[in-house]
Amino acid sequence: MSKARLMQGNEAVAEGALAAGVLFYAGYPITPSTEIAEIMAERLPRIGGTFIQMEDEIGSMAAIIGASLTGVKTLTATSGPGFSLKQENLGYAIATEVPCVVVNVQRGGPSTGLPTAPAQADVMQARWGTHGDHPIIALTPSSVQECYELTVKAFNMAEEFRIPVIFLMDEVIGHLREKVVLPDELTLVNRKKPTVPPGEYIPYENNESMIPAMANFGEGYRYHVTGLTHTEKGLPTGNPEVTRKFMQRLTQKLDPYLDRIQLVEEVQLDDADLIVVAYGCTARSVLEAVHIARSVGLKVGLFRPITIWPFPQKQLEKYVDRKYLVVEMNNGQLVGEVERLFGYKAVERLNRIDGELITPKEVLDRIREVI
Amino acid sequence: MFSDIAQYFRTETLPHIWCPGCGIGTIMAAIVRSIKTLQLDQNNVIFVSGIGCSSRMPGYLDFNTIHTTHGRALPFATGIKAARPELDVFVIMGDGDSTAIGGNHLIHAARRNIDLTAIVVNNSIYGMTGGQTSPLTPHDKRGTTSPFGNLERPFQILDLVKAAGGTYGARATAYHNQLLTKLVMDAYNNPGFSVVEAISQCPVSYGRRNKFKTPADMLLWQKEHAFKAGQKRTARDEDFQIGEIFKSEAPEYTQEYEKLRQKLREVSLNG
Ligand SMILES: Cc1ncc(C[n+]2csc(CCOP(=O)(O)OP(=O)(O)O)c2C)c(N)n1
Ligand code: SF4
Ligand SMILES: [Mg+2]
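So the sequences go chain by chain: A and B. The first sequence begins at 1 in the numbering used here and counts up one residue at a time. The second sequence begins at 372 in the numbering used here and counts up one residue at a time.
The shape of chain B in the complex, shown without the other chains (with noise of 0.2 Å):
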C-alpha cells in the first residue's frame, strides 16, 4: 500500500514517532498520494510544518522541507512564498499550533490569500505535549487541563478562515483519506490562501480520556458523524460535514505583488 508513494518518504528517517492507532500517518499518506496524483515536481515542493505530533510530518518526506516553531509554520510559508512564488507550497499545522499561538497568522495569511496550500490536522487536543486542551477541543469533553471538562467553546476553523479572507475550505476526516486525497488536490488548485482541516484520532491523548476504547471506535466515530453537503443533518451536535465548504475568488497576494513590479518597471522604462 505503501510502495505507490515510496519515492517521496525519506525511508531512512522511519519508524515514525506517531503512537499506534494515531490518524496522522493516514493523513500524511493521502496528502503525499494528492501530490503524486499532480504530478509536482518533487524539487519545486516545499512541506512547512509548525511543531507538535502532526508537525513531525516533513521530516519524513523527501522534499525541500522545514519544521519551525509552534505556530509560525503560516509566517515561514510566506516568506518563502513571497520570494519564490514559483514554489508549491504545503504547509503543515496542529489545531493548536494554528488557532492558538498560531491563530494571528492563521487569519493573517487567508486575509493575504497568499497561495499557501495548508492542512490542519485536528485531533482536537495537545497531541505531542500530553493532552491539553486546545482551542479545538470540543466543550465539555476532557484535556489535562480540563479535568473536569473543557468549559470553552470551540472554533470552527473553516469559519474562521473563510471570514478573515481565505477562498478555499474543506474537511475529510483520517477515515475519509480517499476524500481527503482529493480536496488537498482540490486546495492546491485554488490559486489563493487555502485550508484543509483533516479530522483526526489521536488515542494515546484525546481519546483514552473521553471514552474511546479503541482507535477503531474514534475512526467509527469520524465514520459515523461525518456527512456530505446535500444530506440530510441528523439532530446531533458532533456531526460536521465533510468535502468542499467554501470556495470563492479573490486577487492572490504574491501575484498583485508581481503586478506592482511589472507597474513599476513600466513606469521606470517610460521615463
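Bound-form chain A, shown alone (with noise of 0.2 Å):
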C-alpha cells in the first residue's frame, strides 16, 4: 500500500535519496538547501551511512566524488555561491566519471544576491559551469512529488553513466510543502562493476556501452584515477589521438540513452498554436495559465522538460510551425535552446528576474500578447 506523506521539497529530495541508496552526504550550509544536509546528518549514521559537514563546498564536492569511489552513492546539496565552489571538482567528476548527486536550490542574483528569493538563474551554469567540452545531466523538479521520485531517477542516471547528476531545484519548490505519495516499489540502479579479474581490467575501456565498468577502491582492482586526459588504463597521456577518442567517448557517451535520459511532460500540444516552455516553480504557473487559456477558446499547450540538460530537443523539434513562449525566472536563458530549433524571430519570451514568481496572470497576459 503506497503512503502518502506531507513534505517539503527539500525533505522530499532527502527521502528520494535516502530512498535511492545514499550513503554518503559531505556539505556546506546555504540557504535554501540546508535542510537536506540536515536531514541527512540525522538520518545516516543511523543506517551505517556518513554525514560530514565540510569545510566548504569545493571540499565538499571532492569528500562525495572520493567517497563514491569505494563504492556508495553520494550526494551534496547547495544555491548559487556554493554551485559556483563547486564548479572545480563538478568537472573531475565528470572528466574521471564518478557518480554523484548535486543538488543545486537556486535563488536569486548573482553573487550572494537573493538568499530567500526564487530564481532560475543558474541553468547555464548547471550546462557549462565547468570548464572545458563535458557533458552533463540535470534534472529540474516542478513539485514535491517529483523532488521525490526525480531525486531516485537522478541517482540511477549517476551510476548508470557514469556521471554526476545536477538537481537543479529553485526556492520555491525547495520550500513547498505538499503530499506526496511514497511509491511502493522504485526501480534502483546501481553502477556496473567489472566482471573480469583485476589484472584485465581497463578502468576506462571504451566499450561498446561507452560506459566503462567501475571498481571500488580498495577490493583487489589497483586503478588510477586523474583529471589529467587519460587513457584507457587510467593514465595521464597528452597524445592527440588518444585524446581524442577520450574526449569523443567522454562528450558523445549519453547519446546512446537519450531516450531514456531525456524526460519531458508534454500538455495539450498537438493542436497548439502556441507552446509555451517552462520548468520547475515557473511551469506550475504555466499550467494554470493554460488550462484558463484553453477554457476560453485559445489554443496552448506546455512543453516542460524535465531534464534540462542534455536540452530534449527531439521531443520539442517535432512541434514544428507553432509559436513559441519560454517562460522562466532569469533573463532568458533555455530561451536559447528553444531559437536555436526555431529560429528567434519564432520564439517570444516572459521573464522575471526580481525575485518574484511568475504569476499565471502574467502568464495569460503575456499568452495573449503573442498568439
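Hints are not guaranteed to be accurate.
Calculated lysine to any residue pairs in the SDA-like style (CA-CA distance at most 20 Å, straight line) [what the hints assert, rightly or not]: (1) A/K233 x A/E200; (2) A/K233 x B/E615; (3) B/K603 x B/E615; (4) B/K553 x B/K630; (5) A/K193 x B/N415; (6) A/K233 x B/Q378; (7) B/K630 x A/K318; (8) B/K634 x A/A41; (9) A/K345 x A/I306; (10) B/K582 x B/K603; (11) A/K318 x A/L274; (12) B/K630 x A/R43; (13) B/K630 x A/K299.
No wet-lab data here; the hints were simulated from the structure. In this text, all values refer to a predicted model and were calculated from it rather than measured experimentally.
With the hints as a guide, bring the two chains together.
Next up, the structure:
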C-alpha cells in the first residue's frame, strides 16, 4: 500500500536520496538548501552511512567524489554561491566519470544575490559552469512529488552513466509543502562493476556501451584516477589520438541513452498554436495559465523539460510551425535552446529577475499578446 | 636498489617526468619502503594527491591511486576515509598545494584529526609551474614571482598542523631518506591526522635561482642544516629540526563517527 505524507521539497529530495540508497553526504550550509543537510545529518548515521560537514563547497564536492570511489552513492546540496565553488571538482567528477548527485536549490541574483528568493538563473551554469567540453545531466522538478521520484532517477542516471547529475531546483519548490505519495516499489540502478579479474580490468575502457565498468577502491582492482586526459588504463596522456578518442567517448557517451535520459511533460501540444516552454516552479504558473487559456478557446500547450540538460531537443523539434513562448525566472537562458531549433523570430519570452514568482495572470497576459 | 620495491610500481609508467637531480623520486622510494616494511596489503592502500610535480607520484604506484585537483587532495581523502575507514589512506601534496590553495583543507583535516597519513613534499617553490613563490619559500629567496627576493615570511607547516589539532608531525629530507621511511611508518601508526614534511630539492625551479650550482649542493645543504632533537641548535637561521616534532592523543574522526553509529543502533534496538 502506498503511503502519503506531507513534505517539503527539500525534505522530499532527502527522502528520495535515502530511498535511492545514498550512504554519504558532504556539504556546507547555505539557504535555501540547508534542510537537506540537516536531514542527512540526522538520518545517515542511523543507517550505517556518513554525514560530514566540510569546510567549504570545494571540499564537499571533493569528499563526495572520494567516497563514491569506494562504492557508495553520494550526495551534496547547495545554492548559487556554493554551486560556483563546486564547479572545479564537478569538472573532475565528469572527467573521471565518478557518479554523484549535486543539488542546487537556485536563489536570485549573481553573487550573494537574494538568499531567500527563488530564481532559475543557474541554468547555463549547470550546463557550462565548469571549464572545458563535457557532458552533463541536469534534472529540474516542478512539484514535491517529483522532487522525491526524480531524485531517485538522478541517482539511477548517475550510477548507470557514471556522471554527476545536477538536481536543479528553485527556492519555491525547495520550500513548498505538498502531499507526496511514496511509491511501493522503486527501480534502483547500481553502477556496473567489472566482471573480469583485476589483471584484465581496463578502468576507462572504450567499450561499446561507452560506459566503462567501475571498480571500488580497496577491492583488489588497483587503478589510477586522474583529471588529466587519460588513456583507457586511466594513466595521463598528451597523445592527440588518445585524447581525441577519450574526448569523443566522454562527450558522446550519453547519446545512445538520450531516449531514457530526456524526460519531458507535454500538455495539450498536438493542436497548440502556441507552445509555452517552462520548467521548475514557473511551469506551475504556466500550467494554470494554459488551462485558463484553453477554457476561453485559446490553443495553448505546455512543454516542460524535466531533464533540462541534455536539452530534450528531439521531443520539442517535432512541434514545428507553431509559436513559442519561453517563460523563465532569469533574463533568458533556456530560451536560447528553443531559438536554436525554431529561429529567434519564432520565439517569444517572458522573464522575471526580481525574486518574485511569475504569476498565472502574467503568463496569460503574455499568451494573449503573442498568440 | 629499486628491485626491493619494484612490486609497488606500475613499471609500465616509467620513466617518470621529474627532472634529473629532483628529490621527489628519492622521497617516493622512501615512502614505498615504509609501506613495504609495514607489510600493508597493497589492495587496501590508497594514494591521494593534489596537483604539482610531487603530486604526480601516485601515478607511478601500483595501488588504488587518485590524482585530484590542486590543493584538494585532503578533502578527497577525507571522503574516502570517512566512507571506508578500514582503508589505509596516504596523501601526497606539494608545499603550494597543501599550504596555499589547500591551506584551509589542511587545517580542517588537522582539526578533525582524521586518520590520514599526509606527506608534504616541501621544495620551497611551485615546481611544476616553473618556480613561482610558494607559502614555504623562505624570506628573501627568489622565485619567478619574487625576482627581487621574497618579501613574505614562510609558514612553519608543522606548527600550523599542530595548532590546528593534528596529532603527529615529523620532518625529514630527501638526503635523510632512511629517517623519512621510519617517520612515515610512525605517521601511519599514529591513529589520527599525521603530517610528515619531506624537504626536497628542486634544482630546476628553485636551486638555479638561489645559488645552488648542482643538485648535490642542495642535498649537502639539507645535510648541513638539519639537526635532531637534543642536538645543539647552531645560530644559523636556515637550520631545521628533523625527526618526530610532535605527537599527541586526541579522538579520531572516523572512530568517533563509528561510535555515533553504534550508539544510534543501540538506541533503536532498545526501543
Ligand atoms: C586551481 C589551479 N590553480 C593553479 C594551477 C596551476 N598549478 C599547477 S601545479 C601548481 C603549483 C605546484 O606547486 P607545489 O604544490 O609546491 O608542487 P610542486 O610542483 O612544487 O611539487 C600550480 C599553481 C592548477 N593546476 N589549478
Ligand atoms: S621542476 Fe623541480 S620539483 Fe619539478 S620535477 Fe623538476 S626538479 Fe623536481
Ligand atoms: Mg613545491
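Structure-based check of each hint:
For the given pair, A/K233 sits about 10 Å from A/E200 by alpha-carbon distance, which is consistent with the 20 Å threshold. Straight-line distance between C-alpha atoms of A/K233 and B/E615 comes to about 39 Å, which puts the hinted pair past the 20 Å bound. The straight-line distance between the Cα atoms of B/K603 and B/E615 is roughly 16 Å, inside the 20 Å bound, and the hint therefore holds. Among the hinted pairs, B/K553 with B/K630 is inconsistent with the structure: their alpha-carbon atoms are about 31 Å apart, more than 20 Å.
At roughly 18 Å between alpha-carbon atoms, A/K193 and B/N415 fall within 20 Å of each other, so this suggested pair holds. Only pairs whose Cα atoms come within 20 Å are accepted, and A/K233 paired with B/Q378 is accepted, the gap being roughly 18 Å. Simply put, B/K630 and A/K318 have alpha-carbon atoms about 58 Å apart, too far for the 20 Å limit, and the pair is violated. At most 20 Å may separate the alpha-carbon atoms for a hinted pair to count; B/K634 and A/A41 meet this at roughly 15 Å.
For a cut-off of 20 Å, the pair hint linking A/K345 to A/I306 is broken: about 25 Å separates their Cα positions. For the hint linking B/K582 to B/K603, the alpha-carbon distance of about 27 Å lies beyond 20 Å, and the restraint is violated. Between A/K318 and A/L274 the alpha-carbon distance is near 14 Å, which keeps this suggested pair within the 20 Å criterion. With a C-alpha separation of about 15 Å, the suggested pair B/K630 and A/R43 falls inside the 20 Å cut-off, and the hint holds.
Distance check on the hinted pair: B/K630 and A/K299 sit about 62 Å apart at the alpha-carbon level, beyond 20 Å; violated.
In terms of the numbered hints stated before, the structure departs from hints 2, 4, 7, 9, 10 and 13, listed from lowest to highest.
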